[in-house]
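The lines below spell out each chain.
Number of protein chains: 2
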Amino acid sequence: MKFIKIPSIVITRLSIYAKNLELLDQKGVEVVSSVRLADICGINPAQIRKDLAYFGQFGVRGVGYYVTELLFEIKKILGLDKEWRLGLVGVGNLGWALLRHAQLVDKGYTFVAAFDRKPKRIGLKIGDIEIAPLEDIGRMVKKKGIEIGVIAVKPRWAQNGADLLVRAGVCGILNFAPVQLQCPAHIFVENIDFSLKFDVLCYRLTSSKSRRHRIRSRLGG
Amino acid sequence: MKFIKIPSIVITRLSIYAKNLELLDQKGVEVVSSVRLADICGINPAQIRKDLAYFGQFGVRGVGYYVTELLFEIKKILGLDKEWRLGLVGVGNLGWALLRHAQLVDKGYTFVAAFDRKPKRIGLKIGDIEIAPLEDIGRMVKKKGIEIGVIAVKPRWAQNGADLLVRAGVCGILNFAPVQLQCPAHIFVENIDFSLKFDVLCYRLTSSKSRRHRIRSRLGG
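Protein chains in written order, with the working numbering: chain D, 204 to 424; chain G, 204 to 424.
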């Protein structure tokens, strides 16, 4: 059995399908055509079929997809059929926002601990979580069964946070700091860099402006 | 002249190239081979050449890319050769984090106004910005020359924020709320959904676990 590495963009789209199937499911929709699902997700129908084909055969020709069933299957593929236990490193503004992010909770992501280096934050409570010092990471990861570490500290502290999490035994890291972390090969790291999306928007604005400008110039306007 | 819509993923990679070229430039590196640049960016060299080919001819065969020159060109393509004026809607924890995000400032994104619906937040100052009520969006967008609106409110308030921004005349919106905004076709919208990256990480963890499990089963372990 050959192992194919599925591109991240396919996984991202699966996640978008799941989000929209969930909404359809909540509305009581039982069956959705690939054209309709594609339209809701803003993706073309051939792409959906191609993405799903990585994982097996879904949907019925001439009928479409059974919403609850497809949602169940995608969640299983993504690993969203279980609860994930997360530990947060860095409880600044972004950290607070993550701890209170309703959508993460809905998806099954549960923060079970939070750590900070600033003494004034230690002991503060957010819901059931009490902010602990960085020295507790090793102990707490084991005690609370933390699988994923989330890094929301300033860039210069990010590598230290990652080192502590790795030593404590997490399997994956989500990194919000705009730096490249050095981690052992068996640790999965995903970087979340807001500013890339800002750049995509600026490019769209810039290229549409210069296009309008070129068209206007040609028209002598 | 045919207008080709460049895929967002290409633009995202350009932005990653720019980030790393900036670091090389700061270190005084003058020339970088495509293999070396690819290695730093974690992307394969053929991809870099293909991405750049959308925009023209860059680099010298057998030499590589001139760092300062390529950085300059990519910034021009992305529209990062100018300052962008941003207005923030929603100054909760995420909003605060964005206003104080050093990397955005470095790239030329300047928040010039911030708005909130909660009376207790109105009048608070973050640096030079005083939080204003939503009713001021129309007036302030014109007065401050805001081109991009950033939405960091709860999902149920996001569409209202978008409507106010569009009516006020922004050209683009960055939306952090996990909802699909309805905007006129001439408005560019980019959605930033953290949770998608969480899902990608979970998929990687899940598939590697089940792969390890399969291998172990086959080995009788």
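It cannot be assumed that every hint is accurate.
Mimicking DSSO-like on lysine-lysine, the simulated pairs with C-alpha atoms at most 27 Å apart in a straight line are [claimed, not checked]:
(1) LYS279(G) <-> LYS253(G)
(2) LYS400(G) <-> LYS278(D)
(3) LYS285(D) <-> LYS323(D)
(4) LYS345(G) <-> LYS400(D)
(5) LYS279(G) <-> LYS328(D)
Derived by calculation from the structure, the hints in this document are not laboratory data.
For this session: Mind checking the alpha carbons of LYS279(G) and LYS328(D) for me, to see if they're no more than 27 Å apart?
Result: Roughly 46 Å separates the two Cα atoms, so the pair is violated.
Exercise. When you check the alpha-carbon spacing of LYS345(G) and LYS400(D), does it fall within 27 Å?
Worked result: This hinted pair holds, its Cα atoms lying about 24 Å apart.
For this session: Take a quick look at whether LYS279(G) and LYS253(G) sit within 27 Å of each other, Cα to Cα.
Result: Judged against 27 Å, a Cα distance of about 18 Å means the pair holds.
For this session: Sort out whether LYS278(D) lies within 27 Å of LYS400(G), counting only the CA atoms.
Result: Distance ~15 Å between LYS400(G) and LYS278(D) Cα, so the pair holds.
Exercise. Holds or violated: LYS285(D) with LYS323(D), Cα cutoff 27 Å?
Worked result: 35 Å, violated
The structure is inconsistent with the numbered hints 3, 5, although it conforms to all the rest.
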